[in-house]
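**Q** Mind docking chain B on chain A? Use the hints.
Next come the chains, spelled out residue by residue.
There are 2 protein chains.
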Amino acid sequence: MDRILDDVQRDVLPGLTHWQSPSFFAYFQANASGAGFAGEMLSTGLNVVPFMWKASPVATELEQVVVDWMAGLLGLPELFCFAGGGGGVLHGSTCEAVVCTLAAARDRAISRLGHAAILRMVVYSSDQTHATFQKGARIVGIPPANFRVLHTTAESGYGLSADTVRAAVEEDVARGLVPLYLCATVGTTGLGAIDPVRELGMWLHIDAAYAGSAAICPEFRCHLDGAELADSVSMNPHKWFLTNMDCCCLWVADPTALTSALSTDPEYLKNVGSGGDVSPIDYKDWQIALSRRFRGIKLWVVLRRYGAAGMRNYIRRHVRMAEWFELAVVADERFEVVVPRNFSLVCFRLRLRLGIDDDAVDGLNRQLLAAVNASGRAFMTHFVMDGKFVIRLAVGGAMTEMRHVRDVWELLKEKANELVGAHEGYCMHVEHATHYFRHFWLFI
Amino acid sequence: MDRILDDVQRDVLPGLTHWQSPSFFAYFQANASGAGFAGEMLSTGLNVVPFMWKASPVATELEQVVVDWMAGLLGLPELFCFAGGGGGVLHGSTCEAVVCTLAAARDRAISRLGHAAILRMVVYSSDQTHATFQKGARIVGIPPANFRVLHTTAESGYGLSADTVRAAVEEDVARGLVPLYLCATVGTTGLGAIDPVRELGMWLHIDAAYAGSAAICPEFRCHLDGAELADSVSMNPHKWFLTNMDCCCLWVADPTALTSALSTDPEYLKNVGSGGDVSPIDYKDWQIALSRRFRGIKLWVVLRRYGAAGMRNYIRRHVRMAEWFELAVVADERFEVVVPRNFSLVCFRLRLRLGIDDDAVDGLNRQLLAAVNASGRAFMTHFVMDGKFVIRLAVGGAMTEMRHVRDVWELLKEKANELVGAHEGYCMHVEHATHYFRHFWLFI
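Listed in order, the protein sequences are those of chains A and B. When you line the first sequence up against UniProt numbering, it's residues 1 to 444, in that order. When you line the second sequence up against UniProt numbering, it's residues 1 to 444, in that order.
Derived by calculation from the structure, the hints in this document are not laboratory data.
With a straight-line cut-off of 20 angstroms between C-alpha atoms, the simulated EDC-like cross-links for lysine to aspartate or glutamate are:
id: 1; chain 1: B; residue 1: K388; chain 2: B; residue 2: D358
id: 2; chain 1: A; residue 1: K388; chain 2: B; residue 2: D265
id: 3; chain 1: B; residue 1: K388; chain 2: B; residue 2: E155
id: 4; chain 1: B; residue 1: K388; chain 2: B; residue 2: D362
id: 5; chain 1: B; residue 1: K388; chain 2: B; residue 2: D359
id: 6; chain 1: B; residue 1: K54; chain 2: A; residue 2: D11
id: 7; chain 1: A; residue 1: K54; chain 2: B; residue 2: D11
id: 8; chain 1: B; residue 1: K388; chain 2: A; residue 2: D265
id: 9; chain 1: B; residue 1: K54; chain 2: B; residue 2: D265
id: 10; chain 1: B; residue 1: K413; chain 2: B; residue 2: E336
id: 11; chain 1: A; residue 1: K388; chain 2: A; residue 2: D127
id: 12; chain 1: B; residue 1: K388; chain 2: B; residue 2: E326
Listing some non-contacts, in silico: residues in chain A with all C-beta distances to chain B over 12 angstroms:
id: 13; residue: A154
id: 14; residue: C222
id: 15; residue: M402
id: 16; residue: W409
id: 17; residue: A422
Computed Cβ-Cβ distance ranges for the label pairs, DEER-style:
id: 18; chain 1: B; residue 1: S111; chain 2: A; residue 2: N373; range: 34 to 42 angstroms
id: 19; chain 1: B; residue 1: A162; chain 2: A; residue 2: D11; range: 45 to 53 angstroms
id: 20; chain 1: B; residue 1: P280; chain 2: A; residue 2: D357; range: 29 to 37 angstroms
id: 21; chain 1: A; residue 1: D11; chain 2: B; residue 2: Q9; range: 34 to 42 angstroms
id: 22; chain 1: A; residue 1: R112; chain 2: B; residue 2: G15; range: 36 to 44 angstroms
id: 23; chain 1: B; residue 1: G75; chain 2: A; residue 2: D11; range: 25 to 33 angstroms
id: 24; chain 1: B; residue 1: Q9; chain 2: A; residue 2: D386; range: 52 to 60 angstroms
id: 25; chain 1: B; residue 1: L229; chain 2: A; residue 2: A308; range: 53 to 61 angstroms
id: 26; chain 1: B; residue 1: P14; chain 2: A; residue 2: D163; range: 54 to 62 angstroms
id: 27; chain 1: B; residue 1: S156; chain 2: A; residue 2: R10; range: 50 to 58 angstroms
Where a beta carbon is used, it is the ideal one built from N, C-alpha and C, also for glycine.
One chain only, chain A, in its complex shape (with noise of 0.2 angstroms):
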């Protein structure tokens, strides 16, 4: 073991990407904590597959309760717990996640209407949300010329509006399709948005893998507002919740619907909860796989160890220093804030004054992003929004402190003030050489 670990010394640390790092703001956060890792030890020291109750009744049973306390923490409603006729499931990502209800909603409409049904289901999803759910609904044999990418607009806050919706729904039905699905991202979509959806028994799948966290604060809970009306809602503990990788929780209106589409025997009714009800189920009929990992501990020795006052102080921290970072930005008049900020993610770029073209603003700030990221002091990554080069810093790390997010800024200006530097000078150099010319030309 010396030699493997020395090995992993010199051959692999050097190779990492140090997503632990305080200063990664690239991506999306991938928590890992104290008591995560203690987790995932017990988890994999113990090596049990709890794929049936029966094959370790301790580790289903303790995922149940907890993603019924997450539920609670979340503000869902008790529709979404075991206790309320729901209940949820531990998944490794949200793609799982959204696999498993397209193929519940795929199934349900299917029994209606036959499997040929599947070349008219059409499903929808606003053009904030992650490609992921483009490629589970390919997955689960949906056609791509059926995936509807709903406009989004600054106006409206990038969420979808009723209208956008029900346009769309509508167009579909008329033209003999069978609208299946809407994937909303939370914070994206208003309660209006959801009528038509209701309306026409689609399923509506609340995705709130990196703002679920959020909702745990009283403040920032009315983003899940609407949820009452959803089947289900998926959020990732993996990603802003101190719970080291692989974790990500589900939440479902109607269990059945899942266990239909995933069962592989005929007895699983058996093991269906019913209301009111703590019912042995056998997870293996929630998931893609027949086999899984003692996830519950893991989440639940999280809860234990940090508490639910504990974890909104640790979302709040990440808040007031995305806010502090929003500011800076706002008061700086070289750059600008293009997305408002949306919880502990800033979208920004350097705009430097009006009159500069868009391409050299884009071209201005892939060259500050790779000079950021070529210091290696911090890491950060873009996303193009409208045709604009934006740049994210995910606040979210576990280790990540206030003064990791000033000193970014300050990297941030200082390669700023490089390139701008190198940019008046290129400008101020073109000026001149157009003023010789000028007089040279006058002169001959």
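**A** Positioned in the frame of chain A, the structure of chain B alone reads:
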């Protein structure tokens, strides 16, 4: 943490089914080892998310090295290795591997025939293949009416025959259907059965979930004969290869078939390795989810720690234990081996003597299994084969030694004696009662 660990001791441990007990012979092996545990600690501690090469280069590259090593250990043809134009990935389960390869096969056919062809696609497996395969086919949208379960017999060692496959496939072609995919469980499909599959351009997947481990021993490598004709192969180190849950190897001959179905962006082709060149790849395009854990380091530590020779000794140890048990069963005339031993899995039952009707034999064996399990001294499970209730001894626990196998044989005989005593006491009682009743009637 002390309070949490006290609760684990008091509330969690007593509620487990102890998969790691050396006397756990149920379901399937789910190995755990010191090296697997250490590897998982490194993975969870570093907590990187290698969904793209760039997101932690060493994680992707180490995984590529490790799956190539495993291919070499199993004696798989070069065409499944990156250097040979193929490649591999670590999934969480066989079902994930099946869903991904089914999606690849389906989309390949769709690109030729159009999406409506999904209604005509047919998938095949032997009746020995786990229900996992049908679940995967259902998830990807193949109509359940198009699942063909091909019959096998004891005479052929429960392997598929070329005639059976050909007949099924030709019948479907005649009906205008599209034979798509055959899932072959290793050791049950001879080379001959694959011909019709190749001729029709069907996808052949070899499921070596359990037996792939045995194939690292030259004497068992013949079970992978024909692999060079397959499109994909999978096996689970988390079953019988000292790698803690979860870890499944999937190898494909043509990675682009996989990435075409699973990629979320059109730029992916840039990252697909071409023959002889280990180009950076983005593993998010080789699996269902976007995010993923650093599984490669866990399997790497296992391979480094135990080595090829060490792993072969490990496999052979279990096979010898199972051989001993099988001989013991054969030598005891009250018992019979029902299916020829499959590596370290022995399927047997209590038969007593000829003349006892089948229902009574089934009832006896149900009681026997219940008595063994109720004793708490061992745990086994059963299955039904040709209408017979069969008890399974799955040898392969990391801590199982010869004495545990001897002990479970003693336990089986002890419980059989009790049952037989009771049974024969009952039979004698019935005989006596019948005898006296007959005399009484005559007397009357």
